[in-house]
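Start counting the sequence shown at 4; every next residue gets the next number (the working numbering).
By construction, these hints were calculated from the structure, which means they are not laboratory data. Note that the coordinates shown come from a computational prediction; the quantities given were computed from them, not determined experimentally. Here a beta-carbon is modelled for each residue, glycine too, at the ideal position from N, C-alpha and C. Misleading hints may appear alongside valid ones.
Quick list of simulated restraints, FRET-style, between CB atoms [stated by the list, open to error]:
id	residue 1	residue 2	range
1	Asp72	Leu96	36 to 44 angstroms
2	Leu83	Gln174	19 to 27 angstroms
3	Leu96	Val137	31 to 39 angstroms
4	Arg139	Leu96	30 to 38 angstroms
5	Tyr65	Ala163	49 to 57 angstroms
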Amino acid sequence: MSDTSASARIPATARRVGRRSGRKRADVLAHVCLVVGERGADATRFADVAEASGVPVSTLQYYFGTLDDMLIAAFRHAALRDVAAVRAALAPLADPWERLSTACAFALGFCEAAAPYSWHLRVEAWRWAQRDPVWRAEVLADAADWRKIIAETVAEGVAAGRFRADADPDQVALQALAMSGGIGLAAALPDPAVTAERAHRLLVDMLARLLGPTRAPAEPDS
4 MSDTSASARI PATARRVGRR SGRKRADVLA HVCLVVGERG ADATRFADVA EASGVPVSTL
64 QYYFGTLDDM LIAAFRHAAL RDVAAVRAAL APLADPWERL STACAFALGF CEAAAPYSWH
124 LRVEAWRWAQ RDPVWRAEVL ADAADWRKII AETVAEGVAA GRFRADADPD QVALQALAMS
184 GGIGLAAALP DPAVTAERAH RLLVDMLARL LGPTRAPAEP DS
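Sequences are here, hints too, so could you generate the full structure?
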């Protein structure tokens with residue numbers, strides 16, 4: 004039987020070129036994220052990304068079109084990267100409380116495994132989302148992904164008898180993200196009173212009060 008899949012209809016050389024192009028674009032987006040993290044979205048220009056990435060401005064314009072489109076693509080890249088990273092970190096963990104604590108560290112963007120400027124990019128996206136409906140849709144989609152991760156973890160803990168039986172996973176997820184937004188911003192400034200370690204401990208302590216986990220591991224002192 005002949006192979007009639009889409010990939011089979013594309014010449015092998017073209018498929019290799021397409022894969023290289025996709026990797027190149029992903030590399031560029033990683034550089035855009037670094038530039039935005041360092042300079043802020045308002046101060047980021049094609050020339051800045053070209054200097055950081057070594058990719059000509061003409062190629063950046065070919066990849067993304069407008070500057071706004073490049074910035075939105077970078078935020079989408081960062082958001083998907085962060086969600087993939089936290090899911091990968093949670094996969095080998097069996098204990099729901101450990102999974103939840105790890106998810107909190109990623110949500111705050113300050114754990115070692117988090118990508119550079121993770122939290123700064125979120126702050127930039129929130130700021131733009133207030134006045135731009137396209138950015139707003141991206142930010143809301145990212146928030147929905149994080150709520151799903153936390154709600155799923157809470158539901159697992161409830162089902163396993165690890166968390167209190169009357170805990171509402173969706174409500175806990177909303178509360179966790181609301182608190183992570185406040186203390187995460189303070190730590191990102193940085194506020195001397197809110198270190199990254201303390202921000203994580205405060206968030207985990209709040210969740211412990213909500214969920215009443217048994218055998219909760221002790222959090223390290225800051």
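Evaluated hints:
Roughly 37 angstroms separates the CB atoms of Asp72 and Leu96, a value that falls within the hinted 36 to 44 angstroms. A C-beta distance of roughly 26 angstroms is found between Leu83 and Gln174, which places it inside the suggested range of 19 to 27 angstroms. Checked against the given bound of 31 to 39 angstroms, the beta carbons of Leu96 and Val137, roughly 35 angstroms apart, stay inside it. Checked against the given bound of 30 to 38 angstroms, the beta carbons of Arg139 and Leu96, roughly 33 angstroms apart, stay inside it.
Distance hint check: the CB atoms of Tyr65 and Ala163 are about 51 angstroms apart, consistent with the given range 49 to 57 angstroms.
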